[in-house]
Amino acid sequence: MSKKSSIPGLAFYQNNTAAKWIVLGVAVLISGGSIYYTKILVDQLKGRERQQVQLYAKAIEYTANEDDTGGDVNFIAQEILFQNNSIPIILADEKGNVLSYRNLDLVETWPTKRKDAFLADAMETMKTTYEPITVTLRDSQTGEVFGVQYIYYKNSFLLIQLIAYPYIQLSVIAIFAFISYLAFSYSKAAEQNRVWVGLAKETAHQLGTPLSSLMAWVEVLREDPTINQRGIVEELEKDVYKLRIVTERFSSIGSVPTLKRENIVSLVNNVVNYLRPRVSAKIRIEVFTLSDRIDADVHAPLFEWVIENLCKNAVDAMGNSGTIAIKVLRGNEGKVFIDVSDTGKGIPRSKISMVFRPGFTTKKRGWGLGLALARRIIDTYHNGKIFVKSSEESQGTTFRIVLNAAPESFVQGPLPTA
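The opening position of the sequence shown corresponds to residue 1 in the UniProt record's numbering, with each subsequent residue numbered one higher.
Derived from the structure by calculation, the hints contain no laboratory data. Ideal Cβ placement from N, Cα and C applies to all residues, glycine included. Check each hint, because a few of them may be wrong.
As the list claims (entries may be wrong) - Within a straight-line C-alpha distance of at most 20 Å, the following computed SDA-like cross-link-like pairs (lysine to any residue) qualify:
| no. | residue 1 | residue 2 |
| --- | --- | --- |
| 1 | Lys95 | Thr112 |
| 2 | Lys46 | Thr136 |
| 3 | Lys58 | Ala117 |
As the list claims (entries may be wrong) - Now the in silico label distances, taken between C-beta atoms and shown as ranges:
| no. | residue 1 | residue 2 | range |
| --- | --- | --- | --- |
| 4 | Thr129 | Ile35 | 17 to 27 Å |
| 5 | Leu290 | Gly25 | 54 to 64 Å |
| 6 | Thr125 | Tyr167 | 15 to 25 Å |
| 7 | Arg261 | Leu221 | 31 to 41 Å |
| 8 | Ile40 | Lys385 | 49 to 59 Å |
| 9 | Gly25 | Lys188 | 18 to 28 Å |
| 10 | Gly25 | Val256 | 41 to 51 Å |
| 11 | Glu286 | Ile173 | 51 to 61 Å |
| 12 | Ile22 | Arg261 | 33 to 43 Å |
| 13 | Gln161 | Ile22 | 44 to 54 Å |
| 14 | Ile173 | Thr128 | 24 to 34 Å |
| 15 | Lys188 | Lys385 | 19 to 29 Å |
| 16 | Thr203 | Asp292 | 46 to 56 Å |
Given only the sequences and the hints, what does the whole structure look like? Please build it.
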């Protein structure tokens, strides 16, 4: 089972899922309310525009059916009632021939063929937008119907703007919110980084004094002729050296490390030789490579830290017995591959994407920072990659590190398929 982080600062970031959903829900409600209210306004404006078109149709119908006052009615309809109308309108007969039009983006100087094509396209658009309004033509004396005309129309430019407004508004708000979220996230990440850097450097500073004292005592023990078991002093010296390396690692956090050409095989063997006598005798650690020298540009203390973290995680995953296999290979396109495999319990498929998150751990004790630091060291400082190459429950896990090979070393020896 995964264990919640014991780091107070990380607990908030891991348990704020509910708050995120609440904020998202409120945003959706605001957006939905804005769109719904705009839809009400749009429907009302559509109704008013149709009433105006219907009134225009009645005026035309009355003008056509009243001979005596037709000119006056037409003048009133055209010059007073619809002088400022912005609704695009086309008046056509039963056969679809255009009789008149209003408020269309048609240039009068266009050739007749172009005008006809433009009006035909506009009429087709209007047909798919609204049902046409019928104008009935009657004989003024007998009242007999002798023909019909149709008024086609579509939304005015104002109505189109009103329909699009909420979506434009929400898009602008979403972009602003996204930029604000990125800025907030980056500021939080920078703040966290400053905290971790300060903690790491302070830890290195605090380790410095007792480490210097231990180094002096090792020298005293080395020169003491009464000590018969020199192996104990040598192992103690290795541990002191290890503490010095750890101090250097903590001091390097927050600074841009200087990468140097290093023999990756040698660095991996350094870590393995240190770990072998300090883990269970039932755990085998093996290194496989086709060449004794494969160079890459790395910061040796930080790179060894990554290998050590991966090996320690493998030991925890296997328990008291198992095998850790480390393969160092030359890859294609100037890359070096380091695969660290174990025969442990494996990682559930649902958890693979989470293993590099700060605070994630499956152990009863621990802060869950080892793999997070490993990714930061490889990705940020070495411009490489680290990922879970494969994992099966009860079978084991393989982590892969990808580094940039030193140019001269890349052409040495065969290039196996990694």
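Exercise. Which of the stated hints cannot be reconciled with the structure, identified by number in ascending sequence?
Worked result: Hints 2, 3, 12, 13, 16 not satisfied by this model.
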